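K.L.:
Fit chain B to the supplied structure of chain A, relying on the hints for placement.
There are 2 protein chains.
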Amino acid sequence: MQIAIIGLGLIGGSLAKALKENTEHTVIGFDRDENTLLDALSLGAIDSVGSTSLLENADVVYVCLYPADVVRFVEENAPHFKEGCIVTDVCGIKNQVCGKLTEIAKNYPFVYVGGHPMAGKERSGFDASEASLFYNASYILVPGEAPQSATDTLVSLAKSMGFGTIKYCTQQKHDRMIAYTSQIPHVLACAYVMSPRCDEHSGFSAGSYRDVSRVARINAELWADLFLANREELADETEELVRNIERIRAAVAKNDRAELVALLSSAREKKEKFG
Amino acid sequence: MQIAIIGLGLIGGSLAKALKENTEHTVIGFDRDENTLLDALSLGAIDSVGSTSLLENADVVYVCLYPADVVRFVEENAPHFKEGCIVTDVCGIKNQVCGKLTEIAKNYPFVYVGGHPMAGKERSGFDASEASLFYNASYILVPGEAPQSATDTLVSLAKSMGFGTIKYCTQQKHDRMIAYTSQIPHVLACAYVMSPRCDEHSGFSAGSYRDVSRVARINAELWADLFLANREELADETEELVRNIERIRAAVAKNDRAELVALLSSAREKKEKFG
Chain A
0 MQIAIIGLGL IGGSLAKALK ENTEHTVIGF DRDENTLLDA LSLGAIDSVG
50 STSLLENADV VYVCLYPADV VRFVEENAPH FKEGCIVTDV CGIKNQVCGK
100 LTEIAKNYPF VYVGGHPMAG KERSGFDASE ASLFYNASYI LVPGEAPQSA
150 TDTLVSLAKS MGFGTIKYCT QQKHDRMIAY TSQIPHVLAC AYVMSPRCDE
200 HSGFSAGSYR DVSRVARINA ELWADLFLAN REELADETEE LVRNIERIRA
250 AVAKNDRAEL VALLSSAREK KEKFG
Chain B
0 MQIAIIGLGL IGGSLAKALK ENTEHTVIGF DRDENTLLDA LSLGAIDSVG
50 STSLLENADV VYVCLYPADV VRFVEENAPH FKEGCIVTDV CGIKNQVCGK
100 LTEIAKNYPF VYVGGHPMAG KERSGFDASE ASLFYNASYI LVPGEAPQSA
150 TDTLVSLAKS MGFGTIKYCT QQKHDRMIAY TSQIPHVLAC AYVMSPRCDE
200 HSGFSAGSYR DVSRVARINA ELWADLFLAN REELADETEE LVRNIERIRA
250 AVAKNDRAEL VALLSSAREK KEKFG
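Heads up: the sequence lines are chains A and B, in that order. Note that numbering that gives the first Met the number 0 has the first sequence beginning at 0, numbered continuously upward. Note that numbering that gives the first Met the number 0 has the second sequence beginning at 0, numbered continuously upward.
Please note: incorrect hints may appear among the correct ones.
The list cannot tell twin chains apart, which means a pair is met if one copy fits it or any two copies do.
[Claimed, not checked] Below, computed lysine to aspartate or glutamate pairings styled on DMTMM-like, alpha-carbon distance capped at 25 angstroms:
1) Lys253 - Glu239
2) Lys253 - Glu238
3) Lys272 - Glu121
4) Lys166 - Asp235
5) Lys81 - Asp235
6) Lys166 - Glu20
7) Lys253 - Glu121
8) Lys172 - Glu102
9) Lys172 - Glu144
10) Lys253 - Asp68
11) Lys172 - Glu199
12) Lys19 - Asp58
13) Lys166 - Asp198
14) Lys158 - Glu199
15) Lys105 - Glu23
16) Lys272 - Glu220
17) Lys172 - Glu271
18) Lys253 - Glu231
19) Lys99 - Glu75
20) Lys172 - Glu231
Think of the hints as simulated: they come from the structure by calculation, not from any bench. All figures in this text were calculated on a predicted structure; none of them were measured in a lab.
Chain A with its partners taken away, still in its complex shape (with noise of 0.2 angstroms):
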């Protein structure tokens, strides 16, 4: 297949590398910064520079982009897909763009499958991505209206490429349960080292402190986006951690050790029973 990715970013990058090491498949890249198209040329982790022909000729296309650019992206593209092409993209939220997405796929042939791989670390762009990074992820897809058949592919390319686990689900669903998956750590790290006591942790620090605090390395534009683009969600799941916080808070206030042992001690069950 002919295998479009538009951004080669920290996970566009990614992509393209592992499809390169595990498939046979040729792998164009776009992007809007040249040197970051001839290191990818390269390293082998893409085939040739895109251009409005080979796009008219992709099979599949990632966009990988930043939500809102996404969805200009495949407004302005919609009439270069061939029939039958299947984009799908990697945001990290799924209402706003899934929603766009597929009522401008009604107007054209193409097929829109909203794709969301689990991954990620704390340095960004084409220089931080890597072929493993994938690997044992979760792939969350939202499938939507589009045939069995255009996800059957790309979860045939997900495995190919080292995800662990394939998980469907709605729109909404993705959106709330990312709120709590993977929302709510980067608001917590962010106001973890907001504390002036971070500044002289050194020494007084171990495992616990470095967990909590290591997504407060965020890409700040990025996540603003995220988390603008799932208010709701992320302002209900942030009440019912506040709300949570304030339990302990009371049972320590009020020196209630029981109190206290049975809240730690349900937190510890559930940690053991859901992993």
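P.N.:
For chain B alone, coordinates are given in the frame of chain A:
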């Protein structure tokens, strides 16, 4: 030297194993559980099972019990420590323990130095202990009024066990910093997994979920004691955290992208600067 270890749990067991593996000192083990003592003996983690006469010959005593039990043990055994014996503990809070033990030490010829090896894991007990637990970890010492020679002895032992950093401070500073570096991550992890979304996280989660939730596999009894023994500092730090979460939430609620990017960028800068 003759080194006594009181309580062969995760920390005491690891100290015993690390001392036996890295030094020529004699290690004497005390534990209320006979099977633990037999295991420790057969694994070579201790040279002999403790007795009052062996305690009376000890040059260094590591009391590796829960905070209240540390105080009780030292109260009861103060008459048995030999002149110049160095008594230390491994508690995660210091105000309560150091205050009381410093008082007791004034009436006896032994020397007390507060200690806190910054290492742990999600399992507890002797079975979870290991000689390498302290490798590259930080060892916080609260010397109080102890002579330099006593602190030097503990530092020398710590270095031979592989500790990477030695930090000296007052008990007040210790408890303030620990509320932030260690207690807040445990509060957070427990509050985080209390969300109903935790039950369905599988397939939707990746590294950031795993890292924030890790220490929810908590020793509830121990941490309830640690939280309650540091109520004021923990309350202050919890307020600081909730205030910062609310700043991020407010920017999201107002759809204020500039403010949100500024907050996340400031968090990133702090993480990059302070690690």
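K.L.:
Confirm or reject each hint.
P.N.:
We went through each hint and held it up to the structure:
no.: 1; hint: Lys253 - Glu239; result: both (21 angstroms within a copy, 19 angstroms between copies)
no.: 2; hint: Lys253 - Glu238; result: both (22 angstroms within a copy, 16 angstroms between copies)
no.: 3; hint: Lys272 - Glu121; result: between (29 angstroms within a copy, 14 angstroms between copies)
no.: 4; hint: Lys166 - Asp235; result: within (23 angstroms within a copy, 41 angstroms between copies)
no.: 5; hint: Lys81 - Asp235; result: neither (41 angstroms within a copy, 60 angstroms between copies)
no.: 6; hint: Lys166 - Glu20; result: within (24 angstroms within a copy, 47 angstroms between copies)
no.: 7; hint: Lys253 - Glu121; result: neither (39 angstroms within a copy, 27 angstroms between copies)
no.: 8; hint: Lys172 - Glu102; result: within (19 angstroms within a copy, 59 angstroms between copies)
no.: 9; hint: Lys172 - Glu144; result: within (16 angstroms within a copy, 59 angstroms between copies)
no.: 10; hint: Lys253 - Asp68; result: between (51 angstroms within a copy, 23 angstroms between copies)
no.: 11; hint: Lys172 - Glu199; result: between (40 angstroms within a copy, 11 angstroms between copies)
no.: 12; hint: Lys19 - Asp58; result: within (16 angstroms within a copy, 64 angstroms between copies)
no.: 13; hint: Lys166 - Asp198; result: between (40 angstroms within a copy, 15 angstroms between copies)
no.: 14; hint: Lys158 - Glu199; result: between (44 angstroms within a copy, 23 angstroms between copies)
no.: 15; hint: Lys105 - Glu23; result: neither (31 angstroms within a copy, 77 angstroms between copies)
no.: 16; hint: Lys272 - Glu220; result: between (36 angstroms within a copy, 19 angstroms between copies)
no.: 17; hint: Lys172 - Glu271; result: within (24 angstroms within a copy, 34 angstroms between copies)
no.: 18; hint: Lys253 - Glu231; result: between (33 angstroms within a copy, 12 angstroms between copies)
no.: 19; hint: Lys99 - Glu75; result: within (13 angstroms within a copy, 73 angstroms between copies)
no.: 20; hint: Lys172 - Glu231; result: within (13 angstroms within a copy, 40 angstroms between copies)
In the structure shown, a violation is registered for the earlier hints numbered 5, 7 and 15, in ascending order.
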